[in-house]
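Participant: Hey, can you work out the whole structure from these sequences and the hints?
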Amino acid sequence: MGSRQITEKSLSMLRSLPRISLGNIRDNPNCKKNPKRGRAQHGGDKHGAGNKGSGQRQNFMRLGYETGNNPFYLRVPQEHYYRGQHLRREYPPLSLHQLQNMIDKDRLDVNQPIDIASIVRSGIYNFFPDLKQFGVNLTDEGADIFVAKVNIEVQWASEQVIAAIEKNGGVITTAYYDPHSLLLLKNPKKFFESGQAIPRRMIPPPDAIEFYTSAKTRGYLADPEEISKERLKLSQKYGYSLPNIEKESNYEMLCEKKDPRQIFYGLEPGWVVNLKDECILKPKDQELLQFYNS
Amino acid sequence: MTAGVRHNVSFETNNIVLIALVAILYSLFKMATVWRSQCAFARLFAGKTGQILNNATDLGTKLGPGSQSAILAKKYSNYAHSPFVTKIKEQYDYEIVKNPPEWGYVQRLLPFDTIPAVTPKDSYPSGWVPPKEEAKTLPFFLCRTRNHEIPIYLQITYRGIRKITKIKRIEGDIWLLNDEIKSYLKEKNNRYVETRVQEVGRFIEVKGDYVNQLVDWAHSKGF
Amino acid sequence: MTSALISAIRRLHIAVTPQIRVYSSNVAATTSAGSNSLSITKKEWAFQPQYTKPREVWIENLDTIEEQKLGLFELHPSVYAAPPRLDIINQNVVWQRKIRFVSWAHTKTRAEVRGGGKKPWPQKGTGRARHGSIRSPLWRGGGIAHGPRSGKSHFFMLPFHVRIHGLTTTLSSKLAQDDLHIVKDLELPTDEPEFLAELVEKRNWGPSVLIVDDTDYAPRNITAATDSLAHINIMPVYGLNVYSMLKHDTLVLTLSAAEKIEERLLHWLHADTRAQSREYKVNQV
Chain G
1 MGSRQITEKS LSMLRSLPRI SLGNIRDNPN CKKNPKRGRA QHGGDKHGAG
51 NKGSGQRQNF MRLGYETGNN PFYLRVPQEH YYRGQHLRRE YPPLSLHQLQ
101 NMIDKDRLDV NQPIDIASIV RSGIYNFFPD LKQFGVNLTD EGADIFVAKV
151 NIEVQWASEQ VIAAIEKNGG VITTAYYDPH SLLLLKNPKK FFESGQAIPR
201 RMIPPPDAIE FYTSAKTRGY LADPEEISKE RLKLSQKYGY SLPNIEKESN
251 YEMLCEKKDP RQIFYGLEPG WVVNLKDECI LKPKDQELLQ FYNS
Chain A
1 MTAGVRHNVS FETNNIVLIA LVAILYSLFK MATVWRSQCA FARLFAGKTG
51 QILNNATDLG TKLGPGSQSA ILAKKYSNYA HSPFVTKIKE QYDYEIVKNP
101 PEWGYVQRLL PFDTIPAVTP KDSYPSGWVP PKEEAKTLPF FLCRTRNHEI
151 PIYLQITYRG IRKITKIKRI EGDIWLLNDE IKSYLKEKNN RYVETRVQEV
201 GRFIEVKGDY VNQLVDWAHS KGF
Chain D
1 MTSALISAIR RLHIAVTPQI RVYSSNVAAT TSAGSNSLSI TKKEWAFQPQ
51 YTKPREVWIE NLDTIEEQKL GLFELHPSVY AAPPRLDIIN QNVVWQRKIR
101 FVSWAHTKTR AEVRGGGKKP WPQKGTGRAR HGSIRSPLWR GGGIAHGPRS
151 GKSHFFMLPF HVRIHGLTTT LSSKLAQDDL HIVKDLELPT DEPEFLAELV
201 EKRNWGPSVL IVDDTDYAPR NITAATDSLA HINIMPVYGL NVYSMLKHDT
251 LVLTLSAAEK IEERLLHWLH ADTRAQSREY KVNQV
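Protein sequences, first through last, are from chains G, A and D.
Here the first sequence is numbered in full-length UniProt numbering, starting from 1 and rising by one per residue.
Here the second sequence is numbered in full-length UniProt numbering, starting from 1 and rising by one per residue.
Here the third sequence is numbered in full-length UniProt numbering, starting from 1 and rising by one per residue.
Warning: the hint list may mix true and false statements.
As the list claims (entries may be wrong) - Reference excerpt, derived from the structure (chain G facing chain A, CB under 7 Å, subset only):
(1) K105
(2) A117
(3) V120
(4) R121
(5) I145
(6) C255
(7) K258
(8) D259
(9) R261
(10) Q262
(11) L267
(12) V273
(13) K282
(14) P283
(15) D285
As the list claims (entries may be wrong) - The calculated lysine-lysine pairs, modelled on BS3-like cross-linking and capped at a C-alpha distance of 27 Å, are:
(16) A:K121 to A:K163
(17) G:K33 to A:K166
(18) G:K257 to A:K98
(19) G:K32 to D:K98
(20) G:K9 to D:K53
(21) D:K53 to A:K168
(22) G:K258 to G:K132
(23) D:K43 to A:K136
(24) A:K163 to G:K33
(25) G:K247 to G:K237
(26) G:K32 to A:K163
(27) A:K168 to G:K9
(28) G:K9 to A:K98
(29) G:K258 to G:K186
(30) A:K182 to G:K33
(31) A:K221 to G:K282
(32) A:K221 to A:K182
(33) A:K98 to G:K284
(34) A:K98 to G:K276
(35) G:K149 to A:K166
(36) G:K233 to G:K257
(37) D:K108 to D:K152
(38) D:K281 to G:K190
(39) G:K32 to D:K152
(40) A:K98 to G:K186
Derived from the structure by calculation, the hints contain no laboratory data.
Quick reminder that beta carbons are idealized off the backbone N, C-alpha and C, glycines included.
Facilitator: The structure is reproduced here in structure tokens:
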């Protein structure tokens, strides 16, 4: 062959071939399976189904049936692993390694506080609020290599993850969002284009209140004093010296937190964002202000 | 509460059903503020508002007591005869902020137009390796994907029995690349490795799980 | 077909393909008479070409019958030098044919053919085969079993990236076969169709030509000239499709159209397309 560069070779071959047109274009040879069966010597045979019985007739016994025996699935006592499954909250995992990867590839900006909206915006993580998924569970895979200093807000985090982030001088918060708010966070553009006012975030359900008010899990409803105590305690438990974030240059950013009623950073409930004219409609009505501030 | 809000009833709804719904809504919203029930009411009359993403309910309009009583006073036998809402007394008071200082917060929520390029850094702790310039002088080339990853994948079929490593997006001399990875894998694993070259589709399939080894090889070449 | 392929391969032995080729030059290179100012454009793309080198094409004119080369222009290899996948071009053509096709072929079943309610003869005792209706599919003049029923839609959606790849690969093969020409603009000196027909004839553009501009409104002269020429058509950039490109012998892009196509396709080759690649759902309740 004149050249072994596959693209160049095929393009220069085309140059000397007849013009591609509707008349001579066709698919790769043998790429379509013939839907008709053969009519030759073995065309009318069994077609792979075998001879006689359930194989040929395709009337298999129901799953688990043991031709009259007490079947296995009834022989053992039941254990209800899935009792209440429809009520359980799911938190799809995101590992610290993946988070570091997003930061390395500039999908996440560490100079801004990170929340689930920016994690989904990166295009690497996805979740479905309508399938009872309530946000990010940050897992400790890659805790050893994680070096980024971030202000991150997730929905679930273990103690190791909290330690890994605080060791680097970062701040982590666990925050609850109701499914409606999560839908907005997943696709903020679609919501802004709908022209509706940003709603309030709902408070957590009763069984989640303990997690989100606990300072140990860095809950967003916990007392800040308690949290700073717990930060110190955790550093002593894991044996690292806690960096003093007050002396950091980006202390302002590290302290940025959302209001418990707030969904987006910097945007208050009740505002309407107009993307087309690049303006924000802020309510002044006393009735509305009272509602959105409650 | 949300169940009530989801009733996205269009204006053409039968008025009797509407009044019944209002009654249901009122009982549902009894514990919420009066405002909420009013707004849910307003939504019922506003017609199709499209998909409701929002659990706050405001359409920017208030229904005055006059318009409500006009609707509730008479029972119409046909929805077609019921009047449109005409008396929208006032609008909620709001201010329009042009060039707001908060616009930066909005912009950081909007999706990327195209996937951003990676800025050069001193180190990449996650193990991601940037492509090198000198790789472009080789007789063959592996193009990074739009996500800046190396296009080497593992295909598992037949319930985990068959594992095939697929190298995609190959440019240049695919046969030379095939020879190189064959000798590289033979040296690494002390065994012959089978490959299949697809020149038209520009990919090579290697029989077995050699993803990590091949990614290391690609990094060493600078792809 | 095979002999043509073999001769093509033979010719390749001689032609050691250089990395940069100057395409689309049917006429011997004659620089624009009088002015020796060839504009040579080197482009800085947002997404740099990785391995394949950019393509260079001549910018031509339309205001004279003789071809004048106004400059050199670079095209991005991801769009204009993609590997020619004839199967993907074919998939796009089949899709474009089928997407709007509704089959109105129709046959009557045994229930719809007139008559046949009465049992033709008793079940037993006649010595004849048992039959229940004279319109059974076994009978002459009976209904058709499993025949075509009208109003059958052949709609399906080709995956997003196959559609994108279809455009790039068709543009690339057009360029590789010297059937893609870039013109500066669509300004013609007259609105007579004879001028355009002669121009196409003289430049050996084949009878049918597709002209693509990036605006909806083409200049008056060319719209008037192409109006009576059924085989020369004008199209805006957003209407560009694989079927039309193959239907016409030559594709003529204006400079701005070529850039617009390049920009849009490069955008989709480097954007997050999860929403576009999702399974297509018809928008109905």
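Participant: Now tell me if each hint is right for this structure.
Facilitator: Hint check:
Annotation: K105 (chain G) was flagged as interfacial toward chain A, and the flag holds, the nearest CB pair being 5 Å apart, inside 7 Å. About 6 Å separates the beta-carbon of A117 (chain G) from the nearest beta-carbon of chain A, less than 7 Å, and the hint is met. Contact between V120 (chain G) and chain A, as hinted, is not supported at the beta carbon level, the nearest pair being about 9 Å apart and thus beyond 7 Å. Hint status for R121 (chain G): holds, given a least beta-carbon distance of 6 Å to chain A, under 7 Å.
At a threshold of 7 Å, the smallest CB-CB gap from I145 (chain G) to chain A is about 5 Å, leaving the interface hint in force. Residue-level restraint check for C255 (chain G) is violated (minimum Cβ-Cβ distance to chain A is 16 Å; threshold 7 Å). Given the 7 Å rule on beta carbons, the hint for K258 (chain G) is violated: about 11 Å separates it from the nearest Cβ of chain A. Taking 7 Å as the C-beta contact cut-off toward chain A, the hint placing D259 (chain G) at the interface is violated, the least distance being around 13 Å.
The closest approach between the C-beta of R261 (chain G) and any C-beta of chain A is roughly 11 Å, which is over the 7 Å cut-off, so the hint fails. Restraint check, Q262 (chain G) versus chain A: the minimum CB separation of about 11 Å is more than 7 Å; hint violated. Contact between L267 (chain G) and chain A, as hinted, is supported at the beta carbon level, the nearest pair being about 6 Å apart and thus within 7 Å. Using the Cβ-Cβ criterion of 7 Å, the hint placing V273 (chain G) at the interface with chain A is satisfied: the shortest such distance is roughly 6 Å.
For K282 (chain G), the interface hint holds, the least distance from its beta-carbon to any beta-carbon of chain A being 5 Å, beneath 7 Å. Because the smallest distance between the Cβ of P283 (chain G) and any Cβ of chain A comes to about 5 Å, under 7 Å, the interface hint for this residue holds. Below 7 Å, beta-carbon pairs count as interface contacts, and D285 (chain G) has one with chain A at about 4 Å; its hint therefore holds. At most 27 Å may separate the alpha-carbon atoms for a hinted pair to count; K121 (chain A) and K163 (chain A) exceed this at roughly 35 Å.
Taking the CA atoms of K33 (chain G) and K166 (chain A), the gap is near 24 Å; set against the 27 Å cutoff, the hint holds. As the CA atoms of K257 (chain G) and K98 (chain A) are separated by approximately 25 Å, the hinted pair is consistent with the 27 Å bound. For the suggested pair K32 (chain G) and K98 (chain D), the alpha carbons sit about 17 Å apart, so the restraint of at most 27 Å is met. Simply put, K9 (chain G) and K53 (chain D) have alpha-carbon atoms about 14 Å apart, close enough for the 27 Å limit, and the pair holds.
Proximity of K53 (chain D) to K168 (chain A) is assessed by CA-CA distance (about 20 Å); at most 27 Å being required, the pair is judged to hold. For the proposed pair K258 (chain G) and K132 (chain G), the alpha carbon gap of about 23 Å is at most 27 Å, so the pair holds. Note on K43 (chain D) and K136 (chain A): the hinted pairing holds, with a Cα-Cα distance of about 19 Å set against a maximum of 27 Å. Between the alpha carbons of K163 (chain A) and K33 (chain G) the distance comes to roughly 25 Å, so the proposed pair stays at or under 27 Å and holds.
Among the hinted pairs, K247 (chain G) with K237 (chain G) is consistent with the structure: their alpha-carbon atoms are about 23 Å apart, no more than 27 Å. A threshold of 27 Å between alpha carbons decides the hint, and for K32 (chain G) with K163 (chain A) the separation of about 25 Å falls inside it, so the pair holds. A threshold of 27 Å between alpha carbons decides the hint, and for K168 (chain A) with K9 (chain G) the separation of about 18 Å falls inside it, so the pair holds. Proximity of K9 (chain G) to K98 (chain A) is assessed by CA-CA distance (about 57 Å); at most 27 Å being required, the pair is judged violated.
Using a Cα cut-off of 27 Å, the hinted pair K258 (chain G) and K186 (chain G) holds, with the two alpha carbons roughly 17 Å apart. For the given pair, K182 (chain A) sits about 33 Å from K33 (chain G) by alpha-carbon distance, which is inconsistent with the 27 Å threshold. For a cut-off of 27 Å, the pair hint linking K221 (chain A) to K282 (chain G) is broken: about 56 Å separates their Cα positions. Restraint check for K221 (chain A) and K182 (chain A): the C-alpha separation of about 15 Å stays at or below 27 Å, so the hint holds.
Distance check on the hinted pair: K98 (chain A) and K284 (chain G) sit about 16 Å apart at the alpha-carbon level, within 27 Å; holds. Between K98 (chain A) and K276 (chain G) the CA atoms are separated by roughly 11 Å; this keeps the pair inside 27 Å, and the hint holds. Taken as a hint, the K149 (chain G) and K166 (chain A) pair is broken in the structure, with Cα atoms around 36 Å apart against an allowance of 27 Å. Among the hinted pairs, K233 (chain G) with K257 (chain G) is consistent with the structure: their alpha-carbon atoms are about 22 Å apart, no more than 27 Å.
Under the criterion of a C-alpha separation no larger than 27 Å, the hint pairing K108 (chain D) with K152 (chain D) is consistent with the structure, at around 15 Å. Simply put, K281 (chain D) and K190 (chain G) have alpha-carbon atoms about 19 Å apart, close enough for the 27 Å limit, and the pair holds. As the CA atoms of K32 (chain G) and K152 (chain D) are separated by approximately 22 Å, the hinted pair is consistent with the 27 Å bound. Distance hint between K98 (chain A) and K186 (chain G) is fulfilled; the C-alpha atoms sit about 26 Å from each other, no more than 27 Å.
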